[in-house]
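Chemist: Here is what each chain is made of, one letter per residue.
There are 2 protein chains.
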Amino acid sequence: MEYGKAWLNYRRIEEKSFCKYLTGIYSQVEDDKINSGIKELNIAFEGMYGIKIPFSRWETDSGIQLKISSDLSKEEYYIHPNGNVFLIEGGSSTGILYGIFQLLRMLMEETPAKDIAVRKAPDNPLRMLNHWDNMDGSIERGYAGESFFFQKNKVMVNERTRDYARLVASVGINGVVINNVNVKQEATRLITKEHLKELKKMEEIFAAFGIRLFLSLNFAAPMELGGMATADPLSPEVKVWWKEKLKEVYEHLPRLGGFLIKADSEGRPGPFTYNRTHADGANMLAEIIKPYNGIIIWRCFVYNCKQDWRDKKTDRARSGYDHFKPLDGAFLENVILQIKNGPMDFQVREPVSPLFGGMSATNQMIEFQIAQEYTGQQRHVCYLLPSFKEILDFRTYCQEERDTVADIVSGKTFSRSNCGMAAVANTGNDLNWTGHDLAAANFYGFGRLSFDMSLSSEKIAKEWIVQTFGSIEKIVKNISQILLNSWETYEKYTSPLGIGWMVNPGHHYGPNVDGYEYDRWGTYHRADHKGLGVDRSSAGTGYSTQYHEYNARLYESKENCPEELLLFFHYVEYSYRLKSKKTLIQHIYDTHFEGVDEVETMLELFEEVKGDMDTDVYNRIAARLKEQLLHSKEWRDIVCSYFYRKSAVPDEKNREIY
Amino acid sequence: MEYGKAWLNYRRIEEKSFCKYLTGIYSQVEDDKINSGIKELNIAFEGMYGIKIPFSRWETDSGIQLKISSDLSKEEYYIHPNGNVFLIEGGSSTGILYGIFQLLRMLMEETPAKDIAVRKAPDNPLRMLNHWDNMDGSIERGYAGESFFFQKNKVMVNERTRDYARLVASVGINGVVINNVNVKQEATRLITKEHLKELKKMEEIFAAFGIRLFLSLNFAAPMELGGMATADPLSPEVKVWWKEKLKEVYEHLPRLGGFLIKADSEGRPGPFTYNRTHADGANMLAEIIKPYNGIIIWRCFVYNCKQDWRDKKTDRARSGYDHFKPLDGAFLENVILQIKNGPMDFQVREPVSPLFGGMSATNQMIEFQIAQEYTGQQRHVCYLLPSFKEILDFRTYCQEERDTVADIVSGKTFSRSNCGMAAVANTGNDLNWTGHDLAAANFYGFGRLSFDMSLSSEKIAKEWIVQTFGSIEKIVKNISQILLNSWETYEKYTSPLGIGWMVNPGHHYGPNVDGYEYDRWGTYHRADHKGLGVDRSSAGTGYSTQYHEYNARLYESKENCPEELLLFFHYVEYSYRLKSKKTLIQHIYDTHFEGVDEVETMLELFEEVKGDMDTDVYNRIAARLKEQLLHSKEWRDIVCSYFYRKSAVPDEKNREIY
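If you're matching them up, the sequences are chains G and V in order. Just so we're on the same page, the numbering used here is the position in the first sequence counted from 1, plus 1. Just so we're on the same page, the numbering used here is the position in the second sequence counted from 1, plus 1.
Chain G extracted, bound-state conformation (with noise of 0.2 angstroms):
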């Protein structure tokens, strides 16, 4: 199938500053990587300015120069001219190929070569992908067609998996997991020889661009694959079975990072079917793969899943912290907690866990998911750096400083190594990689911003944008301006004040304000004829008093409470006056309205760069724009004509509300 080279397409540009520089490539070293690095500058090359470059055995004064330096850490790079020398040195040779994807897009920037110099270590250990595909080829929650590692349910190895760890490798990813959470059926049997031996050769690609794969488990595996009676982590047939099972995998794969559990949650058996910790659990696999160097990553997504909605008191956003905060100190070294980013899950809007700063000694790593599986499934818009952002300045008051979620997750505050940064994947087999070319932006977006935590969203969205699109200024301008309004724009469509779901259960695609309100899930609104919106004060749920006190306090009253987050720790009712000065129904409707009308804006915005790209790639985006302006009215109808038709409030501004 074809497909297409998203943010690695090397076009041809107009500052040729750095052309000195190609008289050839020396390297003191030569490895897998060295080569994957020294193909990629010779594709860019020839695409950017046309001209192929020899490769030289011998060390000359010019040229470019590949090396390894020991003043630096083994991912970091350290790019610069060096009179007729360009020098690219790494800590190691991932550190070299970092280096030299950073030159090829200050090339493609335009970048004089007199202003390249850069420096740069990575700011988190992990920056890792999670795929939830299926091994007969669908992928949950995925809006991009089908999976490109696996088909009818075998794996499957070919040119595209090289293309994927280039363009992975290139914004700095150094860990996939390429099989869903939810590990099913055949998935179960990916570490069986029958499909070990194409993971091997997936493995060797991904080595070669400094990626580690990794794995998702089945924790019955030991049931299911080696019929046991049990899946006791603490059974010593269950220890046995899994280390000989994992020995055997690690003597095909020998670079296998480790592997991604989710247990005990949404249907999923663990450690609690037999009375066991998740430590327990956890620490029975990580001490089996510590002699591989493995990891395991353990989900935090641990919820009662079949609530009674007429129970006000239990409340899902408590669960993360009320399960996994006991345990804080009881993991392994080689153990990493995978934290959601919102308590809930991936709303529009969310507070941030207080898991975060709530433990101080286990390992923890953030989970982003740019699936949108909340924000609009990739038919719409939705540019998440910003929220990414936010979440990651946050500061948890854990401590009096180095106190935000960036701090935590790249091993800062508490100094730990085993940590960083994920994101559930949005990628398919689609030509362009993710269903909508713009959604490509988060792609790309996520993998920067794990590397290099101070890029802004406006840096990281003009990147793609130029490397994408070209350096066209109406369409750097216009199309920065969509993405980086987008994420309000669609919270403002959408849910609003951080109260979330109101989504169609099950696909969670479209307006339905009540689809989850009498639902076993936890989601409520808790929407009556007076007001909206969840107690979770200490008089509520007692959510708030999870968070340090500067922030517990915060949270606690509806007049402090950030009002973005409002409805998320608040029951308000309708008259209560925003800062605004507007009412809260007030503000639902005409936030509604102002969402619709900037993705009308957005439209317009877009149109204007119709001559300026690629017809078929501007069709692609102009008709998904449409559809969502299309579903950004249903949203505003839906949601207005529910709260009006609830609070009998009309609109001041007397617009039709049905």
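Because the hints were derived from the structure by calculation, they are not lab data. Treat the hints with caution; some may be incorrect.
[Claimed, not checked] Some residues of chain G that are not near chain V, with every Cβ distance over 12 angstroms (derived): (1) GLU147; (2) PRO387; (3) HIS549.
[Stated by the list, open to error] A few chain V residues that face chain G, going by a derived Cβ cut-off under 7 angstroms, partial list only: (4) TYR251; (5) ARG311; (6) ASP515; (7) ASP529; (8) ILE639; (9) ARG646; (10) TYR659.
Cβ atoms here follow ideal geometry from the backbone N, Cα and C, with glycine treated the same way.
Take the given structure of chain G and dock chain V to it, following the hints.
Modeler: Just chain V, lined up with the frame of chain G:
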């Protein structure tokens, strides 16, 4: 797979006065049907009395005699004692077979022999079941396991086919459509040689019980099977294709009753695609199969399934009449329009379709649904006969007398002979045929009612109970009470006063008040803070004007409208006083609490028969009743909460509304 005997459960009985006739059976004629009947008599007598009786070659002056009588119409029977002989007379061997089943029914009810004298011709010419079975074995809207007609894309003919035919014939069904009206994939190929051989075996078994086999057709078959570019019913090539194809079908299945077709509905192809009318489509096929005495049954379930909820003029309830009324008189004599029992879709309460009485020059059948899609899906008890009786007894005022729906579908009103009753079947390969043991009462009851429309719901219930569970007084009394109240009980705890829907979209199980409110299916309740209901008077959608004058006037005003349909026809404020003097909102609260109380009573009544019933059966039913109780509470709480949150009117009785 094992399965039960349902109501053909000939248990030992006390009343033995009929035994005097058990000296021999003589039959004037011999054919498959007579053989079926004699076999049935033998099974029954052995079960009831432990007696085997000989088949005698000569007419004697004692025993049972089966005779053809020219005084009787084809399917009519006359059973009665005549000296030492008990005569089972029929207008044909089919009539005799029905007489046999009538005799056995009365014997199982322990009727003394001297009281058995019944002459009866079926009230409806056609008495049909429509199975929505797919060839992969699944059943659309099936709640009793998988198909016993198809598995893995093959037709299945086995012992269960015969036992199915026995059950069906015993209640007087004379036509069966075995495949889903939504004809897709392999089912399109049912009319190819590959499947016709097996179908022939099925046809023969059915014929031996007086049942005609029917198939659902794919209107686009000329394209999908014939590889043609069109399925235009007026295209000469298309006609030729159908002619050849149906000739081939009838060569294999000479007794095939004909075809059921759902066209231009919910995404199914049809004549509209080619700007042809439904009459063009139906007549083309009817003409072709007329020489084979075949019938085309054309479903009238045609509506705009992409309605915008903001549109208050379009009305799904109107669409059947709007589409078909103009075609009255345009259909050939061997075409029958099959009309759903509600103009919307099988809700627990709907008005009668105005097409009954609205069309006077067209053959019509009524379509009921005993598959409990919207009435508890065979998890809840909902005995539907009282509802069917109400519908059949409805006066259309299309003429001064003989104007009820029963008169129309039985052919009396307009002197027609291609007409009758059909029901969407509720069977599957579950042990007990219908998932819920008590759901078999609908299976049994629909057949009995289609044969004899004068039977009361009570009589049918009693017959079924005695045959299924025996005649222990407490069982008869308690199960009767459970059955007879169950429809009203179900109505009470679900959607009020004819408004319908309020179910989860897609699968249609469980409460979801706004589930379809903003959807495209034309199914809205229009609830706001002041009231709810759909204005279908002349000032609203005008649906009420589709009825003849008397009914139209009744439905036009809130005051005259039958209250059980009030919200179907009118938007009514919560404060409106019903005839009970209760406000609408209080009625909603009260009925929902009453509904749950009544389920509790059902469960109590049922628990009283514990010792008198087979333990397995008891446990199965008890488990479902408990589930029903739980889910009726769910319905009560969700519906009451919804309207409380919306109306802000508290319950006068101060019960807890969540």
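Chemist: For each hint, tell me whether it holds in the structure or not.
Modeler: Going through the hints against the structure:
1. GLU147: 21 angstroms, holds
2. PRO387: Answer for PRO387(G): holds, closest chain V Cβ roughly 30 angstroms.
3. HIS549: 34 angstroms, holds
4. TYR251: 42 angstroms, violated
5. ARG311: With a minimum Cβ separation of about 5 angstroms from chain G (threshold 7 angstroms), the hint on ARG311(V) holds.
6. ASP515: 4 angstroms, holds
7. ASP529: OK, holds: ASP529(V) within 7 angstroms of chain G, min 4 angstroms.
8. ILE639: 5 angstroms, holds
9. ARG646: It holds, given that the least Cβ distance between ARG646(V) and chain G is near 4 angstroms, below 7 angstroms.
10. TYR659: 5 angstroms, holds
Against the hints set out earlier in the document, a violation occurs for number 4 only.
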